[in-house]
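Student: The lines below spell out each chain.
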Amino acid sequence: MRSKIEKLYMGIILLFMYAPILTLIVLSFNSSKSRARWGGFTFKWYINLVHDNSVLNALANTLIIALISTIAATIIGTITCVGIMGLKRRSRTVLMGVTNIPMINADIVTGISLMLLFKVMHFETGFGTVLIAHITFNIPYVMLAVLPSLRTINPNIYEAALDLGAKPFYAFRKSVLPDLAPSVLAGALMAFTMSIDDFIITYFTKGSGFDTLSTKIYNEVKRGIQPEIYALSSIIFLAVILLLAASSYIKHRQNSLKKGKYLYKADRKISRGQAVALAAASAFIVILAMYFGGVFTRKNNQLFVYNAGEYLDPEVIEMFEAETGIEVVYDEFETLEIMYAKMVQDDGAYDVICPSDYMIAKMIENGMLQELDLDQIPNRKNIGEQYMEASRSFDPDNTYSVPYCWGTVGILYNKTMVDDPVNSWDILWDEKYSGQILMQDSIRDAFMVALKRRGFSLNTKDPGELELATEDLIAQRPLVQAYVIDQARDKMIGGEAALAVTYSGEVLYAQNENPDLEYSVPDEGSNVWIDSWVVTKKAKNPEAAMKWIDFLCRPEIALMNFDFVTYSTPNTKARELIEDENVRNSEVAYPGNDILKRCDAYSYLGEDGDLLYSNMWKKVKSGI
Amino acid sequence: MSKELIRLEHISKSFDGELILDDLDLVIHENEFVTLLGPSGCGKTTTLRIIGGFEKPDSGRVFFDGMDITGLAANRRQLNTVFQKYALFTHMDVAENIAFGLKIKNKPRDYIEEKIHYALKLVNLEGYEHRMPGSLSGGQQQRVAIARAIVNEPKVLLLDEPLGALDLKLRQDMQYELIRLKNELGITFIYVTHDQEEALTMSDHIVVMNQGYIQQEGTPEDIYNEPENAFVADFIGDSNIIRATMVRDELVNILGTDFVCVDKGFGENKPVDVVIRPEDVELVPRGQGIIPGKVTHAIFKGVHYEMEVEASGYEWQVDSTRLFEAGSEVDIQVDPFNIQVMNRPESEDEEAMAIDV
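Chains as they are written, first to last, in our numbering: chain A, 1 to 624; chain Z, 1 to 357.
Hints listed in this document are in silico derivations from the structure and should not be mistaken for laboratory results.
The C-beta atom is built at its ideal place from N, Cα and C for all residues, glycine as well.
Check the hints yourself; a few may be wrong.
[Stated by the list, open to error] Chain Z is faced by these chain A residues, among others (derived, beta-carbon under 7 Å):
1) 153
2) 162
3) 163
4) 226
5) 309
[Stated by the list, open to error] Covered stretches of chain A, as calculated for chain Z (at least 3 residues, CB under 8 Å):
6) 104 to 110
7) 379 to 392
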């Protein structure tokens with residue numbers, strides 16, 4: 001009985017520990033993009049991974065950083081240990097305490113400290129700073145592994161080698177090092193694992209245009225995770241497990257040697273199979289690192305692009321690079337607010353950005369953008385006149401921006417779960433659908449819904465109107481299942497909710513996955529938004545930025561991006577190229593004029609307006 | 001006496017402010033088996049390490065064959081060391097361990113093979129060439145360490161308590177082996193130990209040390225029979241060390257009774273220590289000796305009996321082949337030649353320095 005309970009207990013503990021990872025691994029083989037639906041077994045995410053250059057670059061960065069920082073930290077750490085052993089006991093204790101502190105210290109403190117140091121010393125953040133940071137935090141791990149075993153080594157061994165005529169370094173290499181090697185190797189593996197694993201310190205020291213796997217995955221998570229990332233995470237998990245196994249295997253061998261289990265030298269030599277496996281693993285890492293090594297030779301002709309996540313076909317980047325010889329450093333932001341904060345902090349970090357309407361107005365007003373050289377962008381003529389006209393609400397002379405995507409905000413609903421006609425925002429306040437409603441976790445979109453419902457302008461700065469909208473949103477709170485960003489689509493596909501405030505661009509994809517879904521722009525009106533490409537004032541390579549925008553305005557390129565992003569393209573030539581008639585004439589992708597008439601674009605509210613909205617939003621979220 | 005090989009002049013050394021060696025002078029001759037003997041912390045190992053080049057003296061000079069080698073690194077000295085804990089290279093087999101020094105000297109392969117064979121034969125480990133050190137017993141490992149040292153044909157072999165980690169039986173066997181080795185090799189051995197029996201058994205010359213000073217040097221017989229102070233007497237074997245007064249030359253008052261002795265030159269009525277070895281105390285029936293006493297313990301030790309005799313308020317240790325049962329009334333007498341008279345220092349420091357001239 002007792003042993004049964006013990007086993008059950010162990011089982012539960014193991015389940016708790018490994019259920020999350022198992023979920024991840026299972027999902028990495030799910031052919032449906034939705035977490036909520038099992039679409040059959042597939043390897044396609046793993047295959048996609050191999051073809052995703054941004055992920056492969058991040059992988060190469062991770063491996064190269066890990067490899068170099070491990071080698072450097074291992075050498076420095078081991079030498080430090082030897083030095084520490086030569087000290088008097090008191091200084092030794094003090095020094096060991098001091099070197100351990102970075103390990104105990106919160107990563108975030110280490111990360112911020114390093115970032116500050118790099119800023120103060122005017123280091124350009126990127127590969128170099130991340131490498132230095134990784135070496136720094138890896139040294140204590142190496143020391144932690146090496147020091148205890150160095151203590152157990154008979155110091156006479158080194159003296160014996162000297163005594164027999166060896167020069168000091170040779171003596172160390174031949175006598176102490178072989179005994180120490182397993183610990184050094186264990187320390188190196190530990191450091192390697194830590195380096196691959198690290199997110200926080202990397203995040204603070206990486207700057208723009210440089211990602212390791214962990215920061216890459218973080219960006220993806222913010223935008224809604226792609227199944228490729230499940231596959232990638234599964235691979236990382238496997239790799240870490242293998243490293244740990246190798247590490248403990250080495251320790252095991254060391255103990256066997258100490259206990260005199262090996263009678264003859266041949267007994268302790270590693271077998272041919274083990275040697276081959278080890279060599280293959282090392283070769284794999286080295287080749288991979290070398291293959292992607294080219295990423296780090298910084299060329300002069302670079303273009304730094306900052307875009308929302310999953311908002312461009314990666315193949316387009318390759319085509320642009322191949323044609324122009326310009327190297328594109330492509331970064332993704334999670335929300336416009338984060339993008340804006342980043343640009344305020346370092347206004348020269350990116351050359352070309354793709355923000356939304358009201359944000360463009362804000363950036364123009366704050367002098368963060370430069371006027372476009374329209375002679376360099378002849379393909380702008382492919383953009384429909386109505387979209388240029390609509391852009392005047394945030395870019396009055398059409399001089400700063402070129403539209404890229406546009407769409408409406410509406411209600412995505414599951415017709416098997418909703419009986420009533422969906423033609424008013426009121427349905428989101430209907431108690432019948434309590435717990436079935438998804439709202440956007442975004443200030444402007446949430447207020448837009450409440451303001452439009454009462455017939456107010458979605459750009460209002462009238463405190464009275466906003467007060468009413470706030471009260472409505474608070475009243476709605478108990479009915480809302482969750483405030484989400486990108487998860488709305490997945491939840492709707494999986495049938496987890498009945499109604500969701502969604503961008504029109506998500507709809508075609510969602511309907512493809514779940515034919516029960518419908519989209520409606522309520523009669524009270526809604527938001528029509530435009531995302532446009534702009535060039536920053538401090539851009540280091542404005543010519544390349546103009547070429548980039550012109551390239552994206554080519555009909556066939558715009559079509560590729562439309563196929564990838566599924567958000568409506570303002571490029572009329574591209575729209576004509578869409579093969580699928582249902583898509584080309586889709587009411588969702590290209591709503592009729594009657595719908596558009598009901599919709600307005602967001603305009604920039606000014607600092608006061610921003611503050612007013614965000615204070616009201618806090619009330620809504622806290623419910624007071 | 002043979003040629004002088006090593007000379008230490010005015011060697012001082014301290015660790016962490018603690019003085020370990022103070023102005024030490026020592027001469028070692030060719031082909032001698034010299035033992036540095038003393039309790040732990042006496043400076044014997046430090047002296048050996050200075051000779052080996054593992055420590056630099058704070059002051060003083062080291063000469064080897066007439067050359068000043070004070071600043072010469074350990075790897076360039078013509079001597080080899082056998083360490084207490086063997087210090088074998090655990091990742092190399094026995095043959096590789098032995099070949100280590102020869103490979104550094106770029107000796108030809110055949111020569112190395114031959115030397116390994118010869119050395120293993122010398123230390124009775126033939127056939128162990130390819131064993132790993134971890135799988136050998138302590139005694140075997142120490143033989144490998146010795147073999148590893150001697151293949152380099154050093155002029156001097158330094159041995160730092162090499163038998164310290166071995167059990168008693170093995171230790172005794174190894175003592176004879178070391179003597180044999182020394183005779184076969186014909187080189188100088190400098191041996192460090194705290195075991196007086198080891199020192200007496202193996203050495204040609206013993207240097208007794210305490211607190212950084214040399215207390216006495218001499219042949220084992222000199223040291224044993226004529227300890228120059230109470231420390232040496234106490235450290236070397238069991239002794240009756242008794243406070244006494246030198247009445248005049250050749251007459252010493254021990255515990256209120258005058259004894260005839262052979263020592264002179266201490267002055268008149270001077271406080272001294274006398275050393276009388278237990279086997280030199282003679283027990284005779286009551287009335288035939290000098291002081292009366294009573295046997296309090298008697299134990300059979302094989303070759304002799306060990307007895308304790310209460311006489312004149314002192315517990316005498318007595319070794320004799322003739323038994324007097326516990327409780328017997330006896331007399332004690334001592335041959336004048338067996339009374340060793342020593343100066344009595346006033347304090348411990350003085351005791352340490354007094355003999356160091």
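Student: With a Cβ-Cβ cutoff of 8 Å, does the region 104 to 110 of chain A contain at least three residues near chain Z?
Tutor: Contact hint for the region 104 to 110 of chain A vs chain Z: violated, 0 residues under 8 Å.
Student: Would you say the region 379 to 392 of chain A counts as covered by chain Z, given the rule of at least 3 residues with C-beta under 8 Å?
Tutor: violated (count 0)
Student: Holds or violated: is the Cβ of residue 226 (chain A) closer than 7 Å to a Cβ in chain Z?
Tutor: violated (49 Å)
Student: When the nearest CB of chain Z is found for residue 162 (chain A), is that gap smaller than 7 Å?
Tutor: holds (4 Å)
Student: Going by Cβ atoms only, is residue 153 (chain A) closer than 7 Å to chain Z?
Tutor: violated (9 Å)
Student: Does residue 309 (chain A) pass the interface hint, meaning its C-beta sits closer than 7 Å to a C-beta of chain Z?
Tutor: violated (53 Å)
Student: Does the CB of residue 163 (chain A) sit less than 7 Å away from some CB of chain Z?
Tutor: holds (5 Å)
Of the numbered hints stated above, those contradicted by the structure are hints 1, 4, 5, 6 and 7, listed in ascending order.
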